[in-house]
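Based on the provided sequences and hints, a complete structural model is requested.
Number of protein chains: 2
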Amino acid sequence: MSLLIVGSLALDIIETPFATRELALGGSATFISLAASYFAPEKVGVVGVVGDDFPERAWDLFRQRGIDTSGIEIVPEGKTFSWHGRYHYDMNTRDTIETNLNVFADFKPHVPGHFTSPDFLVLGNIQPDLQRQVIEQLDRRPRLVLLDTMNFWITGHRESLERTLRLSNALVINDSEARLLIEHPSLIVAGRKLQAMLAEGSPRIVVIKKGEHGALLFYDEFIFSAPAFPLEDIFDPTGAGDTFMGGFIGYLARRGAVTYEDAKRAVIYGTVLASYCCSKFSTEGIENLSMEEIVERFRALRILSTFDLEEEMLRSR
Amino acid sequence: MSLLIVGSLALDIIETPFATRELALGGSATFISLAASYFAPEKVGVVGVVGDDFPERAWDLFRQRGIDTSGIEIVPEGKTFSWHGRYHYDMNTRDTIETNLNVFADFKPHVPGHFTSPDFLVLGNIQPDLQRQVIEQLDRRPRLVLLDTMNFWITGHRESLERTLRLSNALVINDSEARLLIEHPSLIVAGRKLQAMLAEGSPRIVVIKKGEHGALLFYDEFIFSAPAFPLEDIFDPTGAGDTFMGGFIGYLARRGAVTYEDAKRAVIYGTVLASYCCSKFSTEGIENLSMEEIVERFRALRILSTFDLEEEMLRSR
Chain A
1 MSLLIVGSLA
11 LDIIETPFAT
21 RELALGGSAT
31 FISLAASYFA
41 PEKVGVVGVV
51 GDDFPERAWD
61 LFRQRGIDTS
71 GIEIVPEGKT
81 FSWHGRYHYD
91 MNTRDTIETN
101 LNVFADFKPH
111 VPGHFTSPDF
121 LVLGNIQPDL
131 QRQVIEQLDR
141 RPRLVLLDTM
151 NFWITGHRES
161 LERTLRLSNA
171 LVINDSEARL
181 LIEHPSLIVA
191 GRKLQAMLAE
201 GSPRIVVIKK
211 GEHGALLFYD
221 EFIFSAPAFP
231 LEDIFDPTGA
241 GDTFMGGFIG
251 YLARRGAVTY
261 EDAKRAVIYG
271 TVLASYCCSK
281 FSTEGIENLS
291 MEEIVERFRA
301 LRILSTFDLE
311 EEMLRSR
Chain B
1 MSLLIVGSLA
11 LDIIETPFAT
21 RELALGGSAT
31 FISLAASYFA
41 PEKVGVVGVV
51 GDDFPERAWD
61 LFRQRGIDTS
71 GIEIVPEGKT
81 FSWHGRYHYD
91 MNTRDTIETN
101 LNVFADFKPH
111 VPGHFTSPDF
121 LVLGNIQPDL
131 QRQVIEQLDR
141 RPRLVLLDTM
151 NFWITGHRES
161 LERTLRLSNA
171 LVINDSEARL
181 LIEHPSLIVA
191 GRKLQAMLAE
201 GSPRIVVIKK
211 GEHGALLFYD
221 EFIFSAPAFP
231 LEDIFDPTGA
241 GDTFMGGFIG
251 YLARRGAVTY
261 EDAKRAVIYG
271 TVLASYCCSK
281 FSTEGIENLS
291 MEEIVERFRA
301 LRILSTFDLE
311 EEMLRSR
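Just so you know, the protein sequences line up as chains A and B, in that order.
Residue numbers are given in the numbering used here: position 236 of the first sequence equals residue 236, and the series is strictly consecutive.
Residue numbers are given in the numbering used here: position 135 of the second sequence equals residue 135, and the series is strictly consecutive.
Note that these hints are calculated values from the structure, not bench results.
Here the structure is a predicted model, which means the values were calculated and not measured.
The hints are all genuine.
The list cannot tell twin chains apart, which means a pair is met if one copy fits it or any two copies do.
Within a straight-line C-alpha distance of at most 25 Å, the following computed DMTMM-like cross-link-like pairs (lysine to aspartate or glutamate) qualify:
1) Lys-193 with Asp-233
2) Lys-193 with Asp-129
3) Lys-210 with Glu-162
4) Lys-43 with Glu-136
5) Lys-210 with Asp-233
6) Lys-264 with Glu-296
7) Lys-264 with Asp-308
8) Lys-210 with Asp-175
9) Lys-210 with Glu-232
10) Lys-193 with Asp-90
11) Lys-210 with Asp-90
12) Lys-210 with Glu-183
Below is the structure:
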């Protein structure tokens, strides 16, 4: 099944308590497409924009991972979008030091002709009007439209975001954003209310990411609680959420189906990819994984969360 | 297997965004013993202190649940310990408005003669010197000593707490307390380091409670990630942590064993009991449960967290 991803491509400055890196390859479309590439059965297409400073090593990486970059516009003499972030000691919180939109300021997504009928569409975290512009360029409704957003759009562009939500079947969002959007302290209530904001019909999928606490999947009337992979050391969490989304959608594209069982496994594959992402700087943790490494962590997550009701308890009733 | 519980008995004032209740039955030993009573095969013994204002309905409740109260000292003309707490809108955070130690100020635990050889011992959240005084009154080492503590003892009585930890095989602690005690942002690292502070030998059990995010069990070299029960409404979280501990130790006492599989199930039963605790005020949610209700939520938690590796993925390796 074909998969199209719209989002940012970036050259970031990342500061962690352990190291600082400049010109780190980043951006939502970068992480999503790299993660998805491990599963997707066809080429993954990316729509985005970069300056002509976007480095050859990035193009090489996309090529190696079989990612179709024909939808990435290159602005001559433009500078690529850049985010400068600093992580706190606990690695769970971070400050944005500076955001330079650069070529992203005038970005108008253009979907290449050979990608106007994707089976799966990911609308990475960009302005919700632009997300809808992508949908409008398609020849038909994708099987699944997966949406990401952030606090900036929730507080400043809510009406537009709600319109994009009504065109989407799936939303991946972190816990603080879910609470901000729904204004209810319970994540269970928030997940239910977010489902009601999506396009009508089935499936209606909401995934609430909780960082070190795992993720909650709301699929129609079902709820699935996924554990986090127990990492002792987090090296750089940048892009972990996007990587999660890439693993999630890539697995669904591979399956060509979006049943509840598929979606549960997709959450686990997303968790696996995100765990590899956090263990190295920038995209380095997800540039060259083997399927053995991926399946190994899938199994580890299953072992970590498996328990059974013993027979004695049943007899005692 | 016999089970002895030491802790507080209280008449609390609880304010939530929805209601206020005075003279609410509370205290760590109260919640622990009520929860444990659903599983424990023998009478559960409690050591603690109350004033003569401790109400008849509380004694009745203990009697109904088969709890041995002969170790509860009654101070004539004394007032029972009282905590006044106020929950914030999100129900995850609370302020202590007032703590009146009353008869608890001069409490010296006295273990009755018929309880000096318990198989399982729970040291509820009291001053760590007092916790050790209980151990010193025993005729033999219990099969398992389960410890609780709080930020007040961690910051103000660390050396004494560390001595009590070295006499314990199991610790139940919440995530913020674990980080406070270990001073490391990773709960995985914190869990490992807490295990190393316990008595030598096997098992070394640490359970980190994460509220709405479930719990992590560290059992020797194993880690188990337990989901939270997805409650849409939390009515009163007071005592949920103690109730968790009671379900946990009660199940182990019933089994008479502390294997890893037992400990995993014990975490799930603790989670089940805690979910019932939160759904009503004070002890009301855990006063009269049926084993059917308990097993029903155990099954729900299993369904909520079960996933499988599909065969297609294995073949694709």
